[in-house]
Each structure stands twice: as C-alpha cells, then as structure tokens.
Amino acid sequence: MSVNTESRIDLRVIADLIRPGSRVLDVGSGDGELLDLLTREKNVDGRGLEISQRGVNESVARGLPVIQGDADSDLSYYPDKGFDYVVLSQTLQATRNPKEVLNELLRIGERAIVSFPNFGHWRVRLSLLFKGRMPVTKDLPYSWYDTPNIHFCTIRDFVALCDEVGATVESAAAVNDNGEKMGLSMPWWFWNFFGQQAIFLLRR
Amino acid sequence: MEQSRVRTARDEANSPSSKVAHFGADKPLKLGSGSTLSPFQVAYQTEGTLNADRSNAILICHALTGDQHAVNEHPVTGKPGWWEILVGPGKPVDTDRFFVICSNVIGGCMGSSGPATIDPATGKAYGLNFPVITIGDMVRAQAMLIDHLGIDQLFAVVGGSMGGMQVLEWAKSFSERVRLAIPIATGARHTAQNIAFHEVGRQAVMADPDWCGGSYIEQGRHPSKGLAVARMGAHITYLSEAALHRKFGRNLQDRNRVTFGFDADFQIESYLRYQGITFVDRFDANSYLYLTRAMDYFDLAAEHNGRLADAFKGSKTRFCLVSFTSDWLFPTEESRMIVHALNAAGAAVSFVEIETDRGHDSFLLDEPEFHAAVRGFINAAARQLEIGE
Numbered sequence: 001m002s003v004n005t006e007s008r009i010d011l012r013v014i015a016d017l018i019r020p021g022s023r024v025l026d027v028g029s030g031d032g033e034l035l036d037l038l039t040r041e042k043n044v045d046g047r048g049l050e051i052s053q054r055g056v057n058e059s060v061a062r063g064l065p066v067i068q069g070d071a072d073s074d075l076s077y078y079p080d081k082g083f084d085y086v087v088l089s090q091t092l093q094a095t096r097n098p099k100e101v102l103n104e105l106l107r108i109g110e111r112a113i114v115s116f117p118n119f120g121h122w123r124v125r126l127s128l129l130f131k132g133r134m135p136v137t138k139d140l141p142y143s144w145y146d147t148p149n150i151h152f153c154t155i156r157d158f159v160a161l162c163d164e165v166g167a168t169v170e171s172a173a174a175v176n177d178n179g180e181k182m183g184l185s186m187p188w189w190f191w192n193f194f195g196q197q198a199i200f201l202l203r204r
Numbered sequence: 205m206e207q208s209r210v211r212t213a214r215d216e217a218n219s220p221s222s223k224v225a226h227f228g229a230d231k232p233l234k235l236g237s238g239s240t241l242s243p244f245q246v247a248y249q250t251e252g253t254l255n256a257d258r259s260n261a262i263l264i265c266h267a268l269t270g271d272q273h274a275v276n277e278h279p280v281t282g283k284p285g286w287w288e289i290l291v292g293p294g295k296p297v298d299t300d301r302f303f304v305i306c307s308n309v310i311g312g313c314m315g316s317s318g319p320a321t322i323d324p325a326t327g328k329a330y331g332l333n334f335p336v337i338t339i340g341d342m343v344r345a346q347a348m349l350i351d352h353l354g355i356d357q358l359f360a361v362v363g364g365s366m367g368g369m370q371v372l373e374w375a376k377s378f379s380e381r382v383r384l385a386i387p388i389a390t391g392a393r394h395t396a397q398n399i400a401f402h403e404v405g406r407q408a409v410m411a412d413p414d415w416c417g418g419s420y421i422e423q424g425r426h427p428s429k430g431l432a433v434a435r436m437g438a439h440i441t442y443l444s445e446a447a448l449h450r451k452f453g454r455n456l457q458d459r460n461r462v463t464f465g466f467d468a469d470f471q472i473e474s475y476l477r478y479q480g481i482t483f484v485d486r487f488d489a490n491s492y493l494y495l496t497r498a499m500d501y502f503d504l505a506a507e508h509n510g511r512l513a514d515a516f517k518g519s520k521t522r523f524c525l526v527s528f529t530s531d532w533l534f535p536t537e538e539s540r541m542i543v544h545a546l547n548a549a550g551a552a553v554s555f556v557e558i559e560t561d562r563g564h565d566s567f568l569l570d571e572p573e574f575h576a577a578v579r580g581f582i583n584a585a586a587r588q589l590e591i592g593e
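Keeping their order, the protein sequence lines are chains A and B.
In this text, residue positions in the first sequence follow the numbering used here: the first is 1, and each later residue adds one.
In this text, residue positions in the second sequence follow the numbering used here: the first is 205, and each later residue adds one.
Hints should not be assumed to be uniformly reliable.
Which bits of chain A does chain B cover? Going by a derived footprint, with three or more residues having C-beta under 8 Å, they are [claimed, not checked]:
1. 51–57
2. 61–73
3. 125–138
Computed list of lysine to any residue pairs in SDA-like fashion (alpha-carbon distance at most 25 Å, straight line) [to be verified]:
4. B/Lys223 to B/Asp300
5. B/Lys520 to A/Gly21
6. B/Lys517 to A/Asp80
7. B/Lys223 to B/Leu235
8. B/Lys520 to A/Gly82
9. A/Lys81 to B/Gly510
10. A/Lys81 to B/Lys295
11. B/Lys295 to A/Arg23
12. A/Lys81 to B/Lys517
13. B/Lys517 to A/Ser76
14. B/Lys517 to A/Arg54
15. A/Lys81 to B/Ala548
16. B/Lys517 to A/Arg96
17. A/Lys42 to B/Val336
18. B/Lys295 to A/Arg54
19. A/Lys42 to B/Lys520
20. B/Lys231 to A/Tyr77
21. B/Lys517 to A/Asp45
22. A/Lys81 to B/Asp514
23. B/Lys520 to A/Ser76
24. A/Lys81 to B/Leu235
25. A/Lys81 to B/Ser519
26. B/Lys520 to A/Arg23
27. B/Lys234 to B/Gly418
28. B/Lys517 to A/Glu170
29. B/Lys231 to B/Val336
30. A/Lys81 to B/Arg511
31. A/Lys42 to B/Gly518
32. B/Lys520 to A/Ser22
33. A/Lys81 to B/Asp300
34. B/Lys295 to A/Arg62
35. A/Lys42 to B/Leu235
36. B/Lys231 to B/Arg381
37. B/Lys517 to A/Asn43
In case anyone wonders, no lab produced these hints; they're calculated from the structure.
Yeah, the Cβ is synthetic: ideal placement off N, Cα and C, and Gly gets one too.
This is chain B alone, in the form it adopts within the complex (with noise of 0.2 Å):
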C-alpha cells in the first residue's frame, strides 16, 4: 500500500522534513531568564545560492504562526510558502541573487526546539516543562545557526510583526553582523492592547479541558477548541473593520435569512470558523502560549532605562521600516517610535507608510508599493555595496 505523503503538526515538530542544525551540550542557549535549553535544534529552509565570499545571505524571521516554510509548499499544509510574494527568483528578496535564510523560532512547533519537541531527559514531550523564551532567545538561536552555516554577517535580516520583533532585536544585539534591517509592521515593543488580547487567546487555550495542564500530548489529546477560539480571535486583530466590511459586509452564508440560531449565520463568522478549524491541524497550543509570551515580553528600550536611541547608539546597520495606515494592531505610531529613536542614534534610516486597509496582514498580501520599496532598498544598498550582482 501505498503510504501517505501527509504529514501532521506533531510529525513535523520532532522530525521536521526540512534542514535541522543540532546544536549539543557544549553549545547551550543562554536565555533571557536565567536558564539554558541545551541540547537543542533549529529547523530551517535555505534558497538560493551562499557565494563565494558568503556576503549575500539574507535571514527571513517569521511571524507568530509563521515557520521556516517561507517560500516552499508547506509540509503539513500543502499550502504555498507564506512569503512566496515577497522572497523567490526575481521577487523584492530575489532568491536568484541572494542566499535566502528562514528557521522556526525557538519554542516554534515545526521542527526548532519548543513545548511539542521530545525533551531528551524524560522521553517525554517538554509541554510546560520548556523554558519560557523571549525574542532575545530567538535571535540568539538564529545567529548560532548563522555561525553553523559559516556566515559572518548578514546582508539583510527581514520580517513582519514578530518577526519585525526579530529584526530589530538583531539590529540591537548584532548590529555588526546585520548590514540592512527591514522591520516591518511592527514594533520596539508590546503594547497593553496587544498583550490584553494575547491573554484572551492563552486563557482561551488553557480554559479548554483537553489542555489538561499543557501535558495534552502525553494524555493524547489536544486543546482544539481552545485554540481555535484563540486563533479567531486574533484574526480579527490581523484585518481592519474597512476590510471586513469590504470582504463580508452582513452577508449571510448559505442561506437567505437569518436562522434565529447560533450557527454562523454570517460569512464572517463561516470565515473565522474556518480559520480556526484549519490553523489547530498545523499549529501546537503550547507553542502558541509560548510564543505570544516572548512577544508581550519584548521591549528594546527597557534595557536601556527606556531610552530607545540608546538600543541603537552607534549602529552601522541601515534601516528601512515599513508600516500601514490600517494597521491598529501595530500603528504607524509604533514604528515612527523606533524612526525617531534611530535618527536621534544618528542611524541611516529610511521609513514608508504604506495606504492600505488591509491591516496589519498586508505584510503578507500583495501590496506593490510595499514590495517597491522593499526591493528599491535592497537593490540600491546591493548596488552599492556590489553584493548579489
């Protein structure tokens, strides 16, 4: 008989499919909270080709629910890379040029190290015995897995949202080992309303019974429900009022009257059920409590008595920021912040607002003038630095 090509979350969390970097005792990762995950793995993409003197690799941070699966058909899915639009052979990140680089997060769930990997201790998967990551941990994982590929520093380190989080963090930490820096949508911190919400999804997960304390995988069982609510919820944080409306409006789904019921009457919430229902089949709920943890966690200027400039001083890194207009999940506002920081550091940077009223996704829609300015700043910085010609 022929065996099934599909793979499942949990598969892919243990052996992923993809390239993995094991990274052994004697290379332990420090954490932000004192601790250290050791052994551990990154699973990772590439594209592209390294050239010789390895200038013209470019690291892809990946989103909250994004993995390394950037721009090749997801293993779980099926479905197309979720940067395909962005990064590929002449794409804004052109793969026929440049080195293109893209891992799981640490405490991700498609392959790196986190909540749904075996812990080699106990032959058990971690659950809530893995130890709560930060962004700074992501980003300190990735560079180990850049010095494992043999590259000294990055051409360009890109990403939206939490993987924005990433790039800056990179821009803090390695600021030598980063020559360009594209934050995207994103910002050097997160705000009250933006942890409000991720508590909704936590408490939503947590508060279904088949979480059974975060131990649901060794009780073969899985928390669905909870983070599918989870999901739906921050979904709508990912649109705009002005896209829902143009997309569902008060249509109803199916029918032609309203059924005096709690079944989805309106297309929007078919839509949210959806998305719900499909996101639980790739994604662990452990991960998800991990991962919106290290995002309410991230705040670049705390380190630096509040003083944003400070995370920055000195930097050598070129920044282009992009944002738009109908984001409310990380506003212009928030990026303007880190702009203002990086002119007082004296820092070259560029800066886009990109009309929109897509939301805060449209960093992964098509968005032309947003893909312009991304490929006019890596072109113009390439050309002059004569690298991917």
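If we strip away everything but chain A, and leave its shape as in the complex, we get (with noise of 0.2 Å):
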C-alpha cells in the first residue's frame, strides 16, 4: 500500500513524534518497519493493522502483533481512546474514505499521526502543467489506471480536512526531495510546493 519504501524518511520523523513507552498502532504498518523502529528504540506497546498477507507474515516473523484487515472497514472495532497513538503513514490516500478513516483514527488515539505524499508538489504541478499527464514519480510510481493511491490530496488540502473533522494540528512537519526536514518558519504555501510528503500530528 506505502508509495516506496525507500524513501521512508517519514518513519523517523514519526518516531521523534512518540513518546518512549506509548501505546501504538499502525494502521497500514506494511512489514512492520515502523512498528519494529518503534519497539526497539522507543520501547512501545505497538499494534498493527494490514491488508496484504505478505506484509502481515512478515510483521509476525518479527514478532509483532499485526491483525490483516482494512483500514476502512476494520477501524470501527477498536475502542475508543485505546490507544496514546494512532499512525497512518503513507496509507491515507490508498484508503477509500479518508474523511472516515481520519475521524476513527482521532477517535482511537489520544493523538493521530499522518503522513502523506503531497500531490502539490511542484513535480507533480509541473507534470500536469506541460506534459498533461497525470504524474509519475519517483515516489508516486503507478500510472493512474493500476495505482492503489486513489484519494491523492494536497497539505493544504489536508489542513482543510483537518479543519473540518475538528482535528488541532499539534505539529506539522514536510520533507523535501532531499529528504531533508523543512524549516517550521516557512509559510504554508511553500510546504505546499515543496514538501515531497508532510507529517502531522493531530488530536481532537
């Protein structure tokens, strides 16, 4: 479901999102790499959610506890506020209802943490504008009629949602094409043309 994992430098700044010891689930954990990063360095009581069975064997071969399911249709079921953390890394947009997802993620955690690639990188506007095409990137590598991603947003449009479904943005943070962290003094407008994926962290 993730965009590429070699370009998972959202995953550590999550982890310097999270407090040492919390209580954790990954929604769309993949092979569990975050949750291994998570367990080992922050020592946290992690869970997992994930559709592929690939991704789930490989999770329980490293000895976390990962559930196959679908982060639409399975989120319902926890409680509320189980959890001191809720991640949705690079999932959001492959999810059918983001706008529902978002509020069951605000509604199990104490805090949600999103990352997304944002589509109104200045890549992906320059290939709208002069090729026409819908962009295919080094880290949105699917041509529109095969990929999974099929609810892209921009930051501002997810500061929009965010606003919407009541969320507080507690921190925000984007990653450029370096893979470098931008400056938190930079506008909104300027995260927005580019940051190659941003960070939040929310709570309601």
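Starting from two chains that each stand alone, build the complex the way the hints lay out.
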C-alpha cells in the first residue's frame, strides 16, 4: 500500500514524535518497519493493521502483533482512546473514505499521526501543467489506472480536512526532495510547493 | 504363530498404546455440567525434550476426529500422524527445540476416558452413562495432565477447529499458563449452522438399529452405517465447492456412463463412501455424539454476558489467529470476531487470513503461507523470550 519504501524518511520523523513507552497502533503497517523501529528504540507497546498477507507474515515473523485487515472497515472495532498514538503513514491516499478513516484515528488514539505524499509538490504540478499527464514520479510510481492511491491530496487540502473534522494540528513537518525536514518557519504555501511528504500530529 | 500387530479402536480405547496419566479418586475432574468424573485417565504422546527450566512445552489440541497421534504412526490405521506436516523435527512446531505434548480429549476414544471406556464402577463400557462433557472439561483435564508432567507454563497451545476452541479456552481459563495461543480455523462459539450439521450427524448415528440406545458395545454390535453417514455429511463441510469441483468434478468412477441405479457412479460418491467406511474402524460412535455436543455447547462469550472481550481481559498471552478464505464451516468472520474482542481487551494479537480453495481442512494440509505464519510467530517469541534456542 505504501508509496515507495526507499523514501520512508517519514518513518524517522514519525518516530521522533512518539513518546517512549506509549501504546501505538500503526494502520497500514506494511512489513512492520515502523513498528519494529518503535519497539526497539522507543519501547512502545505496538500493534499493526495491514491489508496484505505478505506484510502480515513478515511482521509476525518479526514478533510484531499485526492483524490482517482493512483501514476502511476494521477501525470501527477498536475501542475509544485505546492507544496513545494511531499512526497512518503513507496510507491515507489509498483509503476509500479518508475523512471517515481520519475520524476513526482521532477516536481510537489520544493523538493521530498522519503522513502522506503531497500532491501539491512542484514536480506534480509541472507534470500536469506541461506534459498534461497524470504524474508518475519516483515517489508516486503508479500509472493512473493501476494506482492503489485513489485519494490524493495536497498539504493544504489536508489542513482543510483537519479543520472540517475538528482536529487540532499540534505539529506538522514536511520533507523535501532531498529527504530533509523543512524549516518550521516556512509558510504553508512553501511547504505545499516544495514538500514531497507531510507529517501531521493531530488531536481532538 | 506370530501375533497380529493390528490393534482395534476398542483396544486403544481401554488400554492405549500411548502414555497414560491416571487420576484417582483424590483428583476428580469437575465438569461444566456440574457433575464430576472420577477416576479418569488421559492418554497422550510427547515428542522432543523438556528443557531444564520446563519452559519449552507446546500443547497440541486435536480436532473432532483427531487424537493424540499427531506426529506418530496411528496404532489402528497405520497412517502417519495427522499433523506431521506442521509438527516435527525442523517443522514450524519444531520438536528438535520444543517438547510437544498431544493428548486425547476427554470423551474421545483413543485411550482418554470416554463413552467407550470401561466404567470401573460397573465393569461395562460407559456408553451413554458417560457424563456430557464440554470444551472446558477437555481443557481442565489437559491442565491436570500438564500438572502431572510438572509443567507450570506452556510456551504455546496450538490447535485447529475443535482444537482451536480448546486453545481459546486455555487462553481464557488459564491465561497465566499460556505464553502463546495459536487458534486456527475456529470460532469462539458454534454457529447455528454448525450445530445443525452436527445434529444431522448424531441423528444418523442414533437412527442406526445397531446403535442400541447407545449400548452397542455391551450388545456386541456397532452402528457402522449410521456413523459412516455422519462422517460423509461432515466431510463435505470440511471441503469447499471449488475444491470438490477441482478434485472430482462430475467424473465417473470406473465407468464410462451412468448406470441408472444407485451405485457410486460419481467419483465424489465413491470418495465419500470410502471416507465413511474407513472412519468407523477407528472411531467410536458414542464418542462422536459426545464430542460434537461439546462443540455445540461452546460459547466463550456466554459466561461474560455476551461480551467476548471480557473473556480475555488483562490477558498477557500473545495470540496468532489463522483463518482460510474458503472455510465455510469456520469462516474468517468467526476469527475476526475473536480478533476484535482481543483488540478491545488490549491483548497482543496477530491475525492472518490464508488464501486457499481447500476449505476448513486447510489447517491439516500443505499451505506454505499458513506454515510460514506459525513458524514466524513461534520463532519470534522464542527469540524474544530466549526459549528453545
């Protein structure tokens, strides 16, 4: 489900947001990379939800408790505030109902951490503007007809959605083309143009 | 003259060729029905070596018609153990590293006390005088066996179908004695459809005149026809339409055209008849009634006002559930229900649904992804807890 595993700089940024020893649910946990990192370095009590059988098997073999399931349908079974953090990394754009998923994240976790590829990035804009084609980049390697990413948004779109569901942005970060975290002092338009990925820490 | 090595199911029921733990009047088995069973015995097999701190024991729980012969040649049929594909040296449940225990359930017919056992009070087979037992009773008897073997805590409890019910019961009733629970192709309760199939099977047994109101052993008879029909019906539920089609289709059995009669024209008929006939040689008809009943009565949530999550509250056991896409007897939804309850209870749970067309019986077959999940789950925990290294 994830966009490109080589560019998972966002995982490091997410890990830095999480308090040691907390309870974490990783939604769309892939092969368990983030959970593994958090378990080893942050001593968290981590759980995963992953749609692919292969991802689940790889996670289980790492000793991680991961359930095969779908973010769109299975989050409703988790109790309110059962976790300190619910993480949705590079998965929001692949859900059928991102707004409902975001609501569920905020219900299940004291805090939600969401990272996603920014569709407002300049490369994407240029591709549409000059080539007139849906962008296929190293971070978004799929053609429009076979992409699992059905709900792209820009950083600004996401901020608007947070507003709509009543989520408070506690902190936000963007990562640029070079995988560097961008300065907090930059304005939104700058992030929205140069940020390749965005990472938000939310609460309600 | 050389003595025949062939043992009958009746021989095994009373003097099993496997190990036996005897529990005398001082150690009665308290039953879910309110009565007690005493004295009683548990027949079991072990493989591998128990380590010095007794931390590497894995209990295998068998399904409805299974027994303790999971990894050895069956004393009656001469066939290989029913779970040798999963359990053995170098297998996902590795007997080179773990001490594997498998016992015949109470109510069974391979040497643990059951309806085919001689009642010491009367000198006759129990028959229907054997008390009705529950999945909980099976597990309490297993716990007494584990005590008898001097083991406080099991590293893992593993089982499919009725065996999976026992795993769940272990995790609920003896949570502190189970580090890993691996319930496979099972449910936290028997559904109406499953009870219905069992009732058809029981009626087939009881409709056979040779059943004799349950006292066929005393009368020197055996309700083979009824039991065979029960088995044939049940066997269909262990497969899937797709698997039946793939294996048999509408192929005819040793003939070029249908005979316009009621012979086994189709391969599937011949196959089912064979399944029925071979089953009656190794299984006791009354045992079939008792064990199907135990499964029907199983409902973990019932004791917790219907809230399954409460059955697992505070559990430190790590769970790994497995279901199979084509299993319509214990469909994935049944496993998911358990997973959701474990989540709500905050337990550590993994769950994988294996893609296959082979139906409920998949847990007994060569399903590499399933085996990889079990191997990965056990090995990761063994590494973390430094057990069986």
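Here is how each hint holds up against the structure:
1. Only residues whose C-beta sits within less than 8 Å of a C-beta in chain B count toward coverage, and the stretch 51–57 of chain A has 3 of them, enough to reach three; the restraint holds.
2. Check result for the stretch 61–73 of chain A against chain B: holds, 9 residues qualifying (beta carbon to beta carbon below 8 Å, three or more required).
3. Chain B is given as covering the stretch 125–138 of chain A, and this is violated because 0 residues of the stretch bring a CB closer than 8 Å to a CB of that chain, at least three being needed.
4. Restraint check for lysine 223 of chain B and aspartate 300 of chain B: satisfied, since their Cα atoms lie roughly 20 Å apart, inside the 25 Å limit.
5. Taking the CA atoms of lysine 520 of chain B and glycine 21 of chain A, the gap is about 17 Å. The hint holds against a cut of 25 Å.
6. At roughly 16 Å between alpha-carbon atoms, lysine 517 of chain B and aspartate 80 of chain A fall within 25 Å of each other, so this suggested pair holds.
7. Under the criterion of a C-alpha separation no larger than 25 Å, the hint pairing lysine 223 of chain B with leucine 235 of chain B is consistent with the structure, at around 23 Å.
8. The straight-line distance between the Cα atoms of lysine 520 of chain B and glycine 82 of chain A is roughly 16 Å, inside the 25 Å bound, and the hint therefore holds.
9. For the given pair, lysine 81 of chain A sits about 23 Å from glycine 510 of chain B by alpha-carbon distance, which is consistent with the 25 Å threshold.
10. A C-alpha spacing of about 40 Å is found between lysine 81 of chain A and lysine 295 of chain B, which places the hinted pair above 25 Å, so the restraint is violated.
11. With a CA separation close to 34 Å, the supplied pair lysine 295 of chain B and arginine 23 of chain A exceeds the 25 Å bound.
12. In summary, the hint linking lysine 81 of chain A to lysine 517 of chain B is supported, as the alpha carbons are separated by about 17 Å, within the 25 Å threshold.
13. For the hint pairing lysine 517 of chain B with serine 76 of chain A, the CA-to-CA distance comes to about 19 Å; that is within 25 Å, so the pair holds.
14. Among the hinted pairs, lysine 517 of chain B with arginine 54 of chain A is inconsistent with the structure: their alpha-carbon atoms are about 30 Å apart, more than 25 Å.
15. At roughly 11 Å between alpha-carbon atoms, lysine 81 of chain A and alanine 548 of chain B fall within 25 Å of each other, so this suggested pair holds.
16. The straight-line distance between the Cα atoms of lysine 517 of chain B and arginine 96 of chain A is roughly 33 Å, outside the 25 Å bound, and the hint therefore fails.
17. For the suggested pair lysine 42 of chain A and valine 336 of chain B, the alpha carbons sit about 51 Å apart, so the restraint of at most 25 Å is broken.
18. Note on lysine 295 of chain B and arginine 54 of chain A: the hinted pairing holds, with a Cα-Cα distance of about 20 Å set against a maximum of 25 Å.
19. With a C-alpha separation of about 20 Å, the suggested pair lysine 42 of chain A and lysine 520 of chain B falls inside the 25 Å cut-off, and the hint holds.
20. Proximity of lysine 231 of chain B to tyrosine 77 of chain A is assessed by CA-CA distance (about 43 Å); at most 25 Å being required, the pair is judged violated.
21. This hinted pair checks out: lysine 517 of chain B and aspartate 45 of chain A have alpha carbons roughly 17 Å apart, not beyond 25 Å.
22. For the suggested pair lysine 81 of chain A and aspartate 514 of chain B, the alpha carbons sit about 18 Å apart, so the restraint of at most 25 Å is met.
23. Taking the CA atoms of lysine 520 of chain B and serine 76 of chain A, the gap is about 24 Å. The hint holds against a cut of 25 Å.
24. At roughly 40 Å between alpha-carbon atoms, lysine 81 of chain A and leucine 235 of chain B are farther apart than 25 Å, so this suggested pair is violated.
25. At most 25 Å may separate the alpha-carbon atoms for a hinted pair to count; lysine 81 of chain A and serine 519 of chain B meet this at roughly 19 Å.
26. Among the hinted pairs, lysine 520 of chain B with arginine 23 of chain A is consistent with the structure: their alpha-carbon atoms are about 15 Å apart, no more than 25 Å.
27. Proximity of lysine 234 of chain B to glycine 418 of chain B is assessed by CA-CA distance (about 24 Å); at most 25 Å being required, the pair is judged to hold.
28. For the suggested pair lysine 517 of chain B and glutamate 170 of chain A, the alpha carbons sit about 33 Å apart, so the restraint of at most 25 Å is broken.
29. The hinted pair formed by lysine 231 of chain B and valine 336 of chain B meets the criterion: a straight-line CA distance of about 19 Å does not exceed 25 Å.
30. Simply put, lysine 81 of chain A and arginine 511 of chain B have alpha-carbon atoms about 19 Å apart, close enough for the 25 Å limit, and the pair holds.
31. Proposed proximity of lysine 42 of chain A and glycine 518 of chain B is supported: the alpha carbons are some 23 Å apart, at most 25 Å.
32. With a C-alpha separation of about 17 Å, the suggested pairing of lysine 520 of chain B with serine 22 of chain A holds against the 25 Å cut-off.
33. Among the hinted pairs, lysine 81 of chain A with aspartate 300 of chain B is inconsistent with the structure: their alpha-carbon atoms are about 43 Å apart, more than 25 Å.
34. Taken as a hint, the lysine 295 of chain B and arginine 62 of chain A pair is honoured in the structure, with Cα atoms around 18 Å apart against an allowance of 25 Å.
35. In summary, the hint linking lysine 42 of chain A to leucine 235 of chain B is not supported, as the alpha carbons are separated by about 47 Å, beyond the 25 Å threshold.
36. A C-alpha spacing of about 20 Å is found between lysine 231 of chain B and arginine 381 of chain B, which places the hinted pair at or below 25 Å, so the restraint holds.
37. Proximity of lysine 517 of chain B to asparagine 43 of chain A is assessed by CA-CA distance (about 22 Å); at most 25 Å being required, the pair is judged to hold.
Figure legend: structure checked against the earlier numbered hints; hints not met, in rising order: 3, 10, 11, 14, 16, 17, 20, 24, 28, 33 and 35.
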